[in-house]
Amino acid sequence: MSPLPNGYGEEPQEPEFSSWNGAPAIAIHPADEVTAQNKHLHTRFAAKHHISPARLFSNRPTCDCPPSSPSDGMRHGQTALQIPIIDCADADLDNASATTISPVFSAMRSRSASSCSTFPPRCRSSGRVEHLSSPWGAPFLLSPKALAETIASKSMAELDALGGLEGLARGLQTDLYAGLCEDLRSTRAASPSLEQHVHGPHQTRVDVYGVNRIPPKRAKGILQLMMIALGDKVLVLLCIVAGVSLFIGLYQSLFQPHLPSQPRTEWVDSLTIMAAVLIVVVTGAVNDYQKEKQFARLVKKTEDRVVEVIRAGKTTEISVFDILVGDILRVAAGSVIPADGVLVTGLSVRCDESSITGESDHITKTPLNTALSRLRVGEVAKDIDPFIISGGKVLKGTGTYLVTGVGVNSLYGRLKMDVTERTEATPLQKKLGGIADRIAVAGVTVSVLLLGVLGIKLLIQIPGSERTFVELVQILLRIFMVSISIIVVAVPEGLPLAVTLALAIGVTRMLKDNNLVRVLSSCETMGNATVVCSDKTGTLTMNKMTVSAGCVGLHGLFDGRGRHLEETNLNPRQGEDGSRSSAQPSMSPAEFQSSVHLQVRNVLVQSISTNSTASEGLVDGTPSFIGSCTEVALLSFARTWLGMRPLHQERANTQVVQTCPFDSKRKYMATVALQANGLYRLYLKGAPEVILQACDRVLCDGILPLAEDATLTPERRHSVLQVVESYCNMSLRTIGFAYKDMSSWPPTDALSNEDDMWQHLLTGMTFLGTLAIHDPLRPEATHAIAQCIQAGVSVRMVTGDNVQTARAIAQECGILTDNGVVMEGWQFRNLDVTEMYDILPNLQVLARSSPEDKKTLVQRLKDLGETVAVTGDGTNDGPALRAADVGFSMGISGTDVAKEASSIVLMDDNFSSIVSAIEWGRSINDAVKKFLHFQLTANITAVTLTFESSVSSDTGESIISPAQLLWINLIMDTLAALALATDPPNASVLQRAPDTKATPLISVTGWKMIVGQAMYQLLVMFILDFKGSDLLKRMRPDDATTLETFVFNTFVWMQLFNLYK
28 MSPLPNGYGE EPQEPEFSSW NGAPAIAIHP ADEVTAQNKH LHTRFAAKHH ISPARLFSNR
88 PTCDCPPSSP SDGMRHGQTA LQIPIIDCAD ADLDNASATT ISPVFSAMRS RSASSCSTFP
148 PRCRSSGRVE HLSSPWGAPF LLSPKALAET IASKSMAELD ALGGLEGLAR GLQTDLYAGL
208 CEDLRSTRAA SPSLEQHVHG PHQTRVDVYG VNRIPPKRAK GILQLMMIAL GDKVLVLLCI
268 VAGVSLFIGL YQSLFQPHLP SQPRTEWVDS LTIMAAVLIV VVTGAVNDYQ KEKQFARLVK
328 KTEDRVVEVI RAGKTTEISV FDILVGDILR VAAGSVIPAD GVLVTGLSVR CDESSITGES
388 DHITKTPLNT ALSRLRVGEV AKDIDPFIIS GGKVLKGTGT YLVTGVGVNS LYGRLKMDVT
448 ERTEATPLQK KLGGIADRIA VAGVTVSVLL LGVLGIKLLI QIPGSERTFV ELVQILLRIF
508 MVSISIIVVA VPEGLPLAVT LALAIGVTRM LKDNNLVRVL SSCETMGNAT VVCSDKTGTL
568 TMNKMTVSAG CVGLHGLFDG RGRHLEETNL NPRQGEDGSR SSAQPSMSPA EFQSSVHLQV
628 RNVLVQSIST NSTASEGLVD GTPSFIGSCT EVALLSFART WLGMRPLHQE RANTQVVQTC
688 PFDSKRKYMA TVALQANGLY RLYLKGAPEV ILQACDRVLC DGILPLAEDA TLTPERRHSV
748 LQVVESYCNM SLRTIGFAYK DMSSWPPTDA LSNEDDMWQH LLTGMTFLGT LAIHDPLRPE
808 ATHAIAQCIQ AGVSVRMVTG DNVQTARAIA QECGILTDNG VVMEGWQFRN LDVTEMYDIL
868 PNLQVLARSS PEDKKTLVQR LKDLGETVAV TGDGTNDGPA LRAADVGFSM GISGTDVAKE
928 ASSIVLMDDN FSSIVSAIEW GRSINDAVKK FLHFQLTANI TAVTLTFESS VSSDTGESII
988 SPAQLLWINL IMDTLAALAL ATDPPNASVL QRAPDTKATP LISVTGWKMI VGQAMYQLLV
1048 MFILDFKGSD LLKRMRPDDA TTLETFVFNT FVWMQLFNLY K
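If you're matching positions, the sequence shown starts at 28 in our numbering and goes up one per residue.
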């Protein structure tokens, strides 16, 4: 096929790309039409805007960011890879000879064979070309559909054809190190989009690749909800009978003879019934509409979370909804992956993709360029996976990845679009549904019995009756309507509605109290919680950590003001009020730095900066550290008191070769870095008692060089532990540091299992010292715990901190009592089941506990009949959060995995919010019980009164007409449910003990109140029915209509007073 000339009469050239590292060449021939059109548009745009056409095809990302590494200039000088995008289904497979892609590397068998890639390089001129060029000629080279297919098939051959990470970055106009800056089109567009203020300079990218949102399912409108409500079989039957009765009534009114004073109103009752049905339907639809809107807002809130992204070379936090294709995202253990992509950098990254792919095995992720290099040397493709799948969970490691698909173009988004959401009834709704079914059966029985009795009575009266056939039919229809009205009144459809409304309104108000409810049933369950197992850090404390003291080596004691202390005065707060102290005067940061030897200072800085997953970025426009509060406190200390350079400079000058992420089981984190002298240095950070077990030497003092260390004798070990214990007794959190130099990496005697390898390496280390971190107790924590105790809810502290620190905090906030037991995790897990059951009633603090200890504690408490709520923030807390009756995750410090496993998210990580959840849970349960009492009382009264008055009447007429029964149903079901559901919580709910799991919905006292109130109302109704005319002298004895109205109003007012009561 001869190439088409472009607008300037030039023929497009078919670029040839040399192979990498000796791999076979990949020749890609762009489609002729696309090449001509692209070149023509690029040249025209360049002429208009005075830009060299070569710039549009350069390898440099289209952003104004400065080079992020010294090698950028070399990369930017390379030739861009231009690949047109078409649908593989539309490609002409017979013309595949123009393409040579060999070999094909694929972690999974791609749907496209080697002759037809997802990014097909050539098709016939008649083939449909998916061209993404904008009017001014600066296209994104990769289509969202092609990228999505590549990620779904996990085909590395297609990524290899693109040029690996660099090719992807060119095609997506981004930078692998600096991230997104500004799209070229957005910066030069003549007229900005109406949504420019939302997506700013990335509007073009949004138009092409979309946003990271799943389109919400279309909400039901008012008319649709009305049709659903009108679909109730009983209401339909009632409307049909009322319609027939209306026509007969119109016939009677218009064509039957009447006395001169007799009104022609036979049709009024039927029309009134229809109007009442319409009002019931409209009111129910409006309530359902409001409920669905509140739940939709709740779902949107639960899906939102914050992620770390690199943009313009800086790390910042954005909403998961603001992620764009081309972003560089940071991931760490505990993250839930928000978008599809490929790994750029990573250390020990392992993911769980079982919820998306169904594969139960945990997958080790490899950076894409490393994966391609390994494939070229002959490694098995199925063992290499650089693809990051949205919806997966990061179990281990840290890294960055390039986003290639968001929203509906991601794998998780497509799966979610295909899944039909089901709303599962809560336990209380199911329980009330069973009660409603039994009440409905009783109501139908009474209705059928009434229809039978009145029908037989009418048949007996027909002989000798002077009524016409039309009148008899009208009487029969009215009997039928009364019977149906009894069913309408008796069926308590308002019971599930009351729970739904109470939950919908409750979760909205709970959000204002910093409780984000993810599972509706947790609201009602939390009201009956009897035990709360709470974390310490961030929940009971403020999570505002600062290094307030420390000890470098054996003798280098100092406080938060840089003052060197004597061993006899370890309290960093002593002497601040003017009392006698042996500490030296306060020192400036520069003075403190000069007092610590340069080697010691450098190794501490390296240990803090490399042994950390925190990063530097912007928070609300202010430069700060982003990460866990502990790591932020350590980095702030290193920057202020140790003279640490900017974090990105420290890490850029450190060549990390291996990391061991922090794990709550091991209680340490380790990093191996290559030194300038060719040695490898292992940095260790974690719990001091754990770090000391790996050490056989200790630094003597911070003023001496590293070589001036000493053997860690039992006496010196005891001295270090005494310092640690003294800090813990002051409610300080301690972190220990150690290092070790090695001649090679990996070690020659390294074990195949990674965990065993680290255990083998952690020997013969040198202990550097301890830093003590102060995390003040929340001012409201003590009062909140006292409220829990008053409400009959016991509070247990479950923490990974030192036992002395946990004891001090527990005593300060009121958790630990005189009879309380404090225990460490290893002691607890070594108990047998019987011993656990014996000690659980008095166990109040569990320190140095692992996630398994927390899960075991929850299960044993549930075995004892307790309703358990538990808090958790780590990835490994998921099992305990799921095992608990109600799981609380931390909205600020919690990982994404913990949030997904929880029922409620504490948006402020505050224990007082748990008290609010207990209060709202009890209020919801109280509202439902109140409505149940009210509903049963009204049902018993209305059904009994209608049955008795109809049977005793000569005409079979009830003292309460069918229309009035429908109005009563409106009051009892819809309006009463709405009124009770919006009832605000009363402080008195926290002054009583919680209900147990065996407590019935209606207690014995409740039944007494229901029966007593129903008997009182029936007594009044019977008196008015039989003796009303005699008691009311102003009423004419033959004026039955007035009596019926009086009885109806009396009944309604009695229900209103009962509702208020």
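Errors might be hidden in some of the hints.
[Stated by the list, open to error] Straight-line distance between alpha carbons at most 16 angstroms, and here's what the computed EDC-like set of lysine to aspartate or glutamate pairs gives:
1. K484 x D464
2. K328 x E927
3. K172 x D234
4. K247 x D349
5. K1024 x E851
6. K328 x D296
7. K458 x D953
8. K694 x D935
9. K957 x D1010
10. K692 x E879
11. K328 x D540
12. K1024 x D865
13. K889 x D865
14. K571 x D865
[As the list claims (entries may be wrong)] Simulated DEER-style distance windows between Cβ atoms:
15. G791 x T573: 31 to 39 angstroms
16. H810 x T573: 22 to 30 angstroms
17. D331 x T1026: 30 to 38 angstroms
18. L499 x M1042: 30 to 38 angstroms
19. V309 x G340: 54 to 62 angstroms
20. G270 x G479: 22 to 30 angstroms
21. V471 x Q251: 23 to 31 angstroms
22. S771 x D388: 25 to 33 angstroms
23. G479 x P242: 50 to 58 angstroms
24. Q251 x I345: 35 to 43 angstroms
25. D783 x S1030: 55 to 63 angstroms
26. G405 x V683: 21 to 29 angstroms
27. L442 x D783: 52 to 60 angstroms
28. D331 x D783: 37 to 45 angstroms
It is worth saying that the hints were derived from the structure and are not from the lab.
By construction, the Cβ of each residue, glycine as well, lies at the ideal position given by its N, Cα and C atoms.
Here is how each hint holds up against the structure:
1. K484 x D464: Outside the cut-off at roughly 30 angstroms; violated.
2. K328 x E927: holds, 13 angstroms
3. K172 x D234: The given pair, whose Cα atoms are some 14 angstroms apart, holds under the 16 angstroms limit.
4. K247 x D349: With Cα atoms ~27 angstroms apart, K247 and D349 exceed 16 angstroms; violated.
5. K1024 x E851: violated, 30 angstroms
6. K328 x D296: violated, 48 angstroms
7. K458 x D953: With Cα atoms ~15 angstroms apart, K458 and D953 stay inside 16 angstroms; holds.
8. K694 x D935: Answer violated: K694 to D935 is near 26 angstroms, above 16 angstroms.
9. K957 x D1010: holds, 11 angstroms
10. K692 x E879: Since the Cα atoms of K692 and E879 sit roughly 9 angstroms apart, the hinted pair holds (cutoff 16 angstroms).
11. K328 x D540: holds, 14 angstroms
12. K1024 x D865: violated, 22 angstroms
13. K889 x D865: holds, 14 angstroms
14. K571 x D865: Violated: K571 and D865 sit about 37 angstroms apart, past 16 angstroms.
15. G791 x T573: 31 to 39 angstroms: holds, 33 angstroms
16. H810 x T573: 22 to 30 angstroms: holds, 25 angstroms
17. D331 x T1026: 30 to 38 angstroms: holds, 37 angstroms
18. L499 x M1042: 30 to 38 angstroms: holds, 37 angstroms
19. V309 x G340: 54 to 62 angstroms: With a Cβ separation near 58 angstroms, V309 and G340 satisfy 54 to 62 angstroms, so the hint holds.
20. G270 x G479: 22 to 30 angstroms: holds, 24 angstroms
21. V471 x Q251: 23 to 31 angstroms: holds, 28 angstroms
22. S771 x D388: 25 to 33 angstroms: holds, 31 angstroms
23. G479 x P242: 50 to 58 angstroms: holds, 54 angstroms
24. Q251 x I345: 35 to 43 angstroms: holds, 36 angstroms
25. D783 x S1030: 55 to 63 angstroms: holds, 59 angstroms
26. G405 x V683: 21 to 29 angstroms: holds, 27 angstroms
27. L442 x D783: 52 to 60 angstroms: The hinted range 52 to 60 angstroms is violated for L442 and D783, with Cβ atoms some 37 angstroms apart.
28. D331 x D783: 37 to 45 angstroms: The hinted range 37 to 45 angstroms holds for D331 and D783, with Cβ atoms some 41 angstroms apart.
Of the numbered hints listed earlier, those contradicted by the structure are 1, 4, 5, 6, 8, 12, 14, 27.
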